[in-house]
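K.L.:
Given these sequences and hints, build the entire structure.
If you want the building blocks of each chain, they are given just below.
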Amino acid sequence: MSAYIRNCWYMAAWQEEVPEGGILSRVLLDKKWLIHRLENGDYAMLEDRCPHRFVPLSMGSKQGDVIRCGYHGLGFGPDGACMHNPFPEAPPAHVKAATMPVVARYRGLWFWPGDAALADPALIPDFAFLDKEEPVMQRGHMTMQGNYELVTDNLMDLSHAEFLHVETFGTNGSLFESGAQTVEVADDGAIWNMWDMTNARAPDWAKGSLPEGARVDQKLHMRWHAPASLALAIEMAQAGTDFSKPLVPPMLNPHIITPETQSSSHYFYDHEPNDEARALAMKVFTEEDEPMIEAAQEALGDQDFWDARPAILKTDAAAVRCRRKLMQMRKREAGGEG
Amino acid sequence: MSAYIRNCWYMAAWQEEVPEGGILSRVLLDKKWLIHRLENGDYAMLEDRCPHRFVPLSMGSKQGDVIRCGYHGLGFGPDGACMHNPFPEAPPAHVKAATMPVVARYRGLWFWPGDAALADPALIPDFAFLDKEEPVMQRGHMTMQGNYELVTDNLMDLSHAEFLHVETFGTNGSLFESGAQTVEVADDGAIWNMWDMTNARAPDWAKGSLPEGARVDQKLHMRWHAPASLALAIEMAQAGTDFSKPLVPPMLNPHIITPETQSSSHYFYDHEPNDEARALAMKVFTEEDEPMIEAAQEALGDQDFWDARPAILKTDAAAVRCRRKLMQMRKREAGGEG
Amino acid sequence: MSAYIRNCWYMAAWQEEVPEGGILSRVLLDKKWLIHRLENGDYAMLEDRCPHRFVPLSMGSKQGDVIRCGYHGLGFGPDGACMHNPFPEAPPAHVKAATMPVVARYRGLWFWPGDAALADPALIPDFAFLDKEEPVMQRGHMTMQGNYELVTDNLMDLSHAEFLHVETFGTNGSLFESGAQTVEVADDGAIWNMWDMTNARAPDWAKGSLPEGARVDQKLHMRWHAPASLALAIEMAQAGTDFSKPLVPPMLNPHIITPETQSSSHYFYDHEPNDEARALAMKVFTEEDEPMIEAAQEALGDQDFWDARPAILKTDAAAVRCRRKLMQMRKREAGGEG
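Residue numbers (the working numbering), protein chains in the order written: chain A, 1 to 338; chain B, 1 to 338; chain C, 1 to 338.
Just so you know, these hints were derived from the structure itself, not from any lab. Heads up, a few of these hints could be off.
One copy or two, it doesn't matter: identical chains are merged, so the pair holds either way.
[Unchecked claim] Keeping only pairs whose Cα atoms sit at most 25 Å apart, straight-line, the calculated SDA-like set for lysine to any residue is: (1) Lys331 with Pro273; (2) Lys283 with Arg68; (3) Lys219 with Pro78; (4) Lys314 with Glu294; (5) Lys331 with Phe129; (6) Lys32 with Glu290; (7) Lys62 with Gly173; (8) Lys31 with Gln262; (9) Lys219 with Phe243.
P.N.:
Encoded structure:
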């Protein structure tokens, strides 16, 4: 039961990661794929493997909308058809590169690894906030050495911040004292894990902006869409003011995860466009979350998560619901009932 | 038939390897375990894997006798029970970390990976000589990239010293000329491999302490207890004096081997507490024995030792007896007759 | 169907690679073998693995025609028999190292991994041109991280030069414009892939040696013998002169491939004995061919070539014929009909 879900939109890259006039090669769901931008502004996605001798087409060159293999010179169009033969005769019609539907939306490139006839762009989860001009954000990509569901577990239970992110987020235990967890399933299939801290101790950095002894309300709301496209909303305000007196501007950030392999994940995020924000994001992701997720992956090895008999805590309620939903989707695709 | 023997004492570490107020993490028999010292002076040994999300508990912290996970803050007592929950409610009673019996003895820490009810400390092989105040010895630990039975083969046939340790021990062929090998099984189940060189050519370094032309007697006695806890006794004296005129003080040293994995071993040894003795031990272990043992392991790969059809020499008599005894123990544990 | 063909001559090394008075150790067909030169000028080839504890005999020493193990001192003669025991008693007669027939010919050392009774040196493919005194050539050896049949594919379709070797060979597309491919099977079982460019555009470097506007004829003839011993003949002359006016001396070079493992190959080649020629060969092999072959191997992984359903082009005619011949040989050895 570790197969990938096929009929689902995954994010492959930020649009700006595709080099102008060039090729982006990336391992997605265990296979190498390439993405390039067509002359009409659309994008094409081909398996990064020549059907002749299997070498990556990205070792070749882009000539207009055609990708030429660097080994024997066959050229492939956006639909995977062989369009160019270095010999005078016609390109061999039986030679075809695999392709996937790819859609540019919300500054990202989304692909559908399943039945192309079902690839309805309306099913891409709503990340319209990424299209906004303000605030200007810097987008980033990294890989984490852990299965995408382990990364999801991490994001769907932010109580870990109290241990893992003490240095970066300056937590003070208020989640444990004053936090209430709510799990909701939205009409669009999203699963929400919402931590609400009511009348909590104020963090040190906020005390200067508050009346003496004032406390705070805080929202820490994570939204998940299958397979692992998440968004995090954070708000903090003076307690009892119904968030009308925010201490920081409300934040909304993508945490979009795409499997690279069964044991590694692409992580798409953003941060404010300055060095300090970049350094903070790097510290949180690479020095705090990643070593822990990688350790979980290493401990799990090739074993199925449930076969390893994990202890389930109340705080896992949302994470477990996501895992169940994915299990149902996998079963349905495998032909079972789910 | 490569499973580990379970109902048996293995050495995990020298006591001084456990950091004061801290945690020692070590892979033993293919699993990560942690050891820490309790406030009452005893030791506790827990699987180094949180039962919640599998991450090493040693990535967390020790707070008194409780080990707190660094991911979501659960705390585990010496018996593996969850003693601490960061949320106000009681710790989840169903969450338990695995433990093993561990006993401090002979300056080492001994664990029993099998049925805890059978873990009788009286079964720990006698290394009382390690408790002595004199001579003061420096204990050491290294890992070798070879199965523990290949390391045992090495130790149970010291004729290899004539080839592998020429530079360090200055051998002169007297083992081949004047050596007699005796193999004995002792009442406590120990297997002894004894080389006795009688009236042998004296080594160059001893000639100054001997009458002109005098020869020497030498004992090279190795004792083995299952699974691979060995001790080496060496004596050398003027020939014909019944060891009443020793040329060096009698030596007795531990060579205690514990499987890290099926293809790597922990090696616990000691040497005199000076730089020269340390350098000599390092040269013998890391430059002479280890490359050969590692080469044997690499050649063997995943193949069973007997399936590889090794040629058996007379000098293998003791090593083969140890291998048979382990085979019987494994069969007995697997439910067969042995 | 990935087993090696056994009853076949493979090249192990150039004769000059065996150190004077020493031992060459090399992985061939997944196993370590050693080669050394005997006092009578012949060569011996033993499995580089002591039958006692499996360590490489090459970690020991050569003493005359006997190889002494560095672990316990057993010595093995050219026929693999144990000839030396460090103990006074006779060498153990049941202890024998594996051997293979090895023949020195054409400056190389050829081995036969199958039934020794069938190892007829007359079956070694004809590389007599390597014995010539003139021109003096420098022989070389490298390993490529690809299966030997992928390396063969590369050599049996030189149209790849137009893409991969543009920088080194200065190709100008004439193969596509003016090339005709002929595939022939010779009486000795050799498969020839012959590119003949007739009345082709002259390369820039040749224009100075030609009448204004003259064109060229070129031969690019590759000869293959199972399993993967190839030779390349190149000629270029003024067009229409029936090669009587050569622009460069005719070239004849070995490209002899021997499997190291299923995914890596030994490559035996030669070049003119000067730094420039050496640098050119290194660039062609390590910067142009090898990355592509390695990429094909990585893409293929453990999958069988045909199971990966490669697209077959007309230019693959010779390469496919070689693959079929090897398949027949494997089937015949496996007991089938082929």
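K.L.:
Among the hints numbered above, which are violated by the structure, and what are their numbers in rising order?
P.N.:
Hint check: 1, 3 and 5 fail, others pass.
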